[in-house]
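Visitor: Take a look at the letters that make up each chain.
There are 2 protein chains.
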Amino acid sequence: MKQWMELQGEEFALRLQGMLEKKQYRELRGAFSLFEAPDIAQLFGQFEEKEMLLLFRILPKDTAAEVFVEMEADQKESLINSFSDAYLQEVLSELYIDDTVELIEEMPAGVVKRILRNADEESREAINRILRYPKDSAGSMMTTEYVRLYKDMTVAEAFERIRRDAYDKETVYTCYVTERNRLLIGVVTVRDLLMAEEDAVIGDIMTENVIFAETMDDRESVANAMSKYDFLALPVVDKGKRLVGIVTYDDASDVLQEEITEDIEKMAAIVPTDKPYLRTGTWETWKSRIPWLMLLLLSATFTGAILSSYESALSKVAILTVFIPMLMGTAGNAGSQASVAVIRALSLGEVQMRDVFAVLWKELRVALLCGIALGAVGFGKAILLDGASVMVALVVSLTLALTVLMAKLAGCLLPLGAKRVGLDPAVMASPFITTIVDTLSLLVYFAVATALIPELG
Amino acid sequence: MKQWMELQGEEFALRLQGMLEKKQYRELRGAFSLFEAPDIAQLFGQFEEKEMLLLFRILPKDTAAEVFVEMEADQKESLINSFSDAYLQEVLSELYIDDTVELIEEMPAGVVKRILRNADEESREAINRILRYPKDSAGSMMTTEYVRLYKDMTVAEAFERIRRDAYDKETVYTCYVTERNRLLIGVVTVRDLLMAEEDAVIGDIMTENVIFAETMDDRESVANAMSKYDFLALPVVDKGKRLVGIVTYDDASDVLQEEITEDIEKMAAIVPTDKPYLRTGTWETWKSRIPWLMLLLLSATFTGAILSSYESALSKVAILTVFIPMLMGTAGNAGSQASVAVIRALSLGEVQMRDVFAVLWKELRVALLCGIALGAVGFGKAILLDGASVMVALVVSLTLALTVLMAKLAGCLLPLGAKRVGLDPAVMASPFITTIVDTLSLLVYFAVATALIPELG
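First to last, the sequence lines map onto chains A and B. Numbering that gives the first Met the number 0 numbers the first residue of the first sequence as 0 and each following residue consecutively. Numbering that gives the first Met the number 0 numbers the first residue of the second sequence as 0 and each following residue consecutively.
Calculated from the structure, these hints are not laboratory results. Incorrect hints may have been included.
As the list claims (entries may be wrong) - Computed beta-carbon distance windows for the label pairs:
(1) Lys60(A) / Glu156(B): 45 to 55 Å
(2) Thr281(A) / Glu104(B): 39 to 49 Å
(3) Val111(A) / Ser220(B): 55 to 65 Å
(4) Arg131(A) / Glu283(B): 41 to 51 Å
Cβ atoms here follow ideal geometry from the backbone N, Cα and C, with glycine treated the same way.
All chains, please: the whole structure from these sequences, using the hints.
Guide: Next up, the structure:
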């Protein structure tokens with residue numbers, strides 16, 4: 000018995016290394032039997048490729064398949080290349096269909112051919128059917144291994160079927176009831192079955208009100224729906240409402256994590272990649288970061304142009320320069336607060352497109368409060384800390400209040416606008432907002448300064 | 000049968016409103032029976048309080064309890080205040096213990112007293128036990144309703160027990176095997192039971208290698224572990240390894256979502272709140288946003304001071320001002336890319352503290368590539384678009400390269416440092432990094448300018 004917290008740490012990897020060097024294969028097998036597949040995969044990640052291949056061979060066949068699924072794409076590729084066709088067939092026969100599909104999506108063409116050649120006839124057909132769906136669809140994330148019942152079966156017969164099927168179905172706890180032509184007509188859980196009499200008929204105890212997804216539905220919405228309803232599995236039907244597969248909660252939760260990582264990366268001006276941080280190469284990381292940096296660098300031409308057109312004003316009242324970073328920074332922060340709050344609320348379903356006026360009204364009031372507070376403190380700071388005149392302090396404080404207002408409104412409207420035209424709201428996060436708000440705040444600053452300071456009039 | 004995508008939209012709320020006005024209660028009850036609890040709760044959110052209370056009374060008792068759990072805290076409070084003691088008792092008796100605990104944590108003291116007074120003896124004890132654990136611990140998120148088996152039971156006896164308990168246990172699919180004194184010794188799933196012979200003994204088919212959490216473990220780590228292992232439930236034990244409760248996957252997934260929202264809010268300089276966006280009042284939103292805005296505004300004193308100390312340099316070579324927003328913006332973006340990438344990798348467990356040198360080495364190489372690319376483009380842009388002299392363009396381009404390097408290193412080291420000293424890495428995201436990097440980039444800019452431009456020497 001053990002606690003999951005004790006499983007990490009490289010000390011353990013060192014001990015395994017020792018056993019491996021002493022060729023204590025039996026002991027290694029014993030040690031591995033104490034761990035769950037994700038932990039073994041993580042341990043393997045700390046070994047050289049050659050050692051990793053050796054260690055993998057030590058695992059019992061069913062554990063080997065589970066560990067294989069948890070490895071990173073490049074490790075999977077090395078492993079497959081080291082497998083004989085016979086061994087590859089064995090591993091593939093242990094994999095669930097959805098895991099095989101994911102594997103195929105990650106592998107280069109040559110490896111994919113070898114995988115398909117070594118999969119059995121039935122799996123190959125199921126795989127090819129799933130591969131036909133677009134990458135972001137419910138169809139592409141489903142598995143075809145589920146328990147299907149008929150409405151005229153008794154509970155005892157249903158249990159018979161479940162027992163027979165249990166070995167190679169990903170979940171047995173939710174069973175789907177269909178007509179002979181696969182038309183989905185109901186759902187029944189093992190819990191329902193356990194609570195029913197042995198001779199009760201499935202048609203009488205099933206829930207007819209099935210919530211389902213269609214193959215072409217967006218996979219993020221499907222994952223969100225499953226998390227909202229706390230479903231263990233969701234059936235996927237074709238256009239004729241015929242059951243073609245199910246999505247299980249573990250895959251749904253992986254999709255949610257991936258989508259959140261993508262959103263966060265977009266918020267930080269990173270072009271999303273699929274790979275874990277340390278397994279992404281230098282060039283690949285560079286390629287995911289340089290586009291936004293370049294774009295934002297070039298867009299700074301606007302701020303540059305504004306500053307050079309006010310060069311004479313800045314040389315007349317030099318202290319104006321001192322406040323530029325503060326004004327731009329504060330406006331940028333205020334704008335990104337609003338945009339990130341709205342982006343997250345949209346993705347959690349807390350805000351819908353119809354709420355646009357409620358959002359605007361809320362941000363307007365918050366912006367006024369923030370603007371007043373920041374304007375007041377900015378005024379005091381300018382006089383006391385930066386030694387500005389009252390008139391300059393007034394310009395700074397008015398600009399602060401105005402730009403915070405504009406920043407918050409831009410921050411809430413741009414993500415909603417992006418969603419309206421079918422773009423991902425997350426691209427309207429901090430980097431983009433900041434660039435717009437930088438330009439706006441300089442324009443406001445110089446307009447207010449020109450209006451209030453006589454020397455610039 | 001219906002598809003979850005069709006469930007949203009205010010048209011439906013309008014139709015319900017019509018039925019309510021015509022007092023068509025039977026029809027309303029029929030309409031609700033087509034929906035799942037989270038959808039009904041969402042629909043209720045679109046009604047006035049009075050109508051909502053009316054609609055709630057129309058629901059069948061068990062649905063009412065499920066819907067109640069899904070409502071927002073303020074709605075729950077109005078509902079409870081409108082309930083008679085007898086009706087409150089009925090609703091409470093339908094709730095799972097963990098949902099009641101969550102309810103109590105959200106309610107003001109007066110309402111809590113009334114809830115505890117109306118809960119039955121057994122629940123009250125369980126609730127009080129759970130409430131004693133700190134808010135971020137595994138103990139506080141567990142439920143005490145699970146199926147417990149003994150190792151000398153047969154499979155048939157186990158099914159008997161499950162059938163007897165099924166009604167009021169949150170999950171029946173994972174059962175825990177303990178000694179009579181509750182010492183946890185194994186776990187067995189309904190799937191295992193279904194695949195075993197009726198007269199097999201639990202002790203022979205159970206998995207002894209149980210992964211468990213202790214009551215005081217951090218709830219985010221517990222939720223992460225459950226998502227990693229794809230567990231439906233995880234047992235929670237006290238210091239004597241006695242089973243005290245279980246954490247179910249739906250609560251774990253809620254915790255993950257909450258923690259991610261918190262991280263994202265921290266990244267956007269927002270003090271996290273628990274409430275959904277549109278249900279947070281203006282003052283509350285203001286209070287969650289103004290602290291960071293003030294702090295960042297005041298920290299701009301550094302950039303202001305640097306600019307005023309170089310006032311004479313800026314007036315001598317006025318074009319230097321033009322590049323300030325671009326330099327600060329680019330460095331800020333480069334830094335937040337690195338910090339967000341590291342923060343996310345830390346929270347996904349892709350990066351551990353021991354990887355600090357691997358992270359540093361990776362960011363160093365990426366920073367060099369980004370620095371060279373940005374420096375080169377910046378040089379061209381300064382000459383072609385901004386009309387700078389070669390020497391000024393050189394200063395700009397060198398500063399770009401140097402500050403990008405510094406920004407990336409600060410961006411990756413600060414979150415790791417925060418984690419090292421026990422802080423949340425997410426506070427070291429964009430706003431904080433940007434402030435540091437703003438100051439650094441101005442210092443570098445003027446140092447390089449003073450060194451290279453003879454008029455400033």
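Visitor: Taking the Cβ atom of Val111(A) and the Cβ atom of Ser220(B), is their distance within the range 55 to 65 Å?
Guide: Distance hint for Val111(A), Ser220(B) is violated at roughly 37 Å.
Visitor: Can the suggested window of 39 to 49 Å be confirmed for the beta-carbon pair Thr281(A) and Glu104(B)?
Guide: holds (47 Å)
Visitor: At the C-beta level, are Arg131(A) and Glu283(B) separated by a distance inside 41 to 51 Å?
Guide: At 49 Å between Cβs, range holds.
Visitor: Return holds or violated for the Cβ distance of Lys60(A) and Glu156(B) against the range 45 to 55 Å.
Guide: Between Lys60(A) and Glu156(B), where Cβ atoms are some 33 Å apart, the hint is violated.
Checked against the numbered hints above, the structure violates hints 1, 3; every other hint is satisfied.
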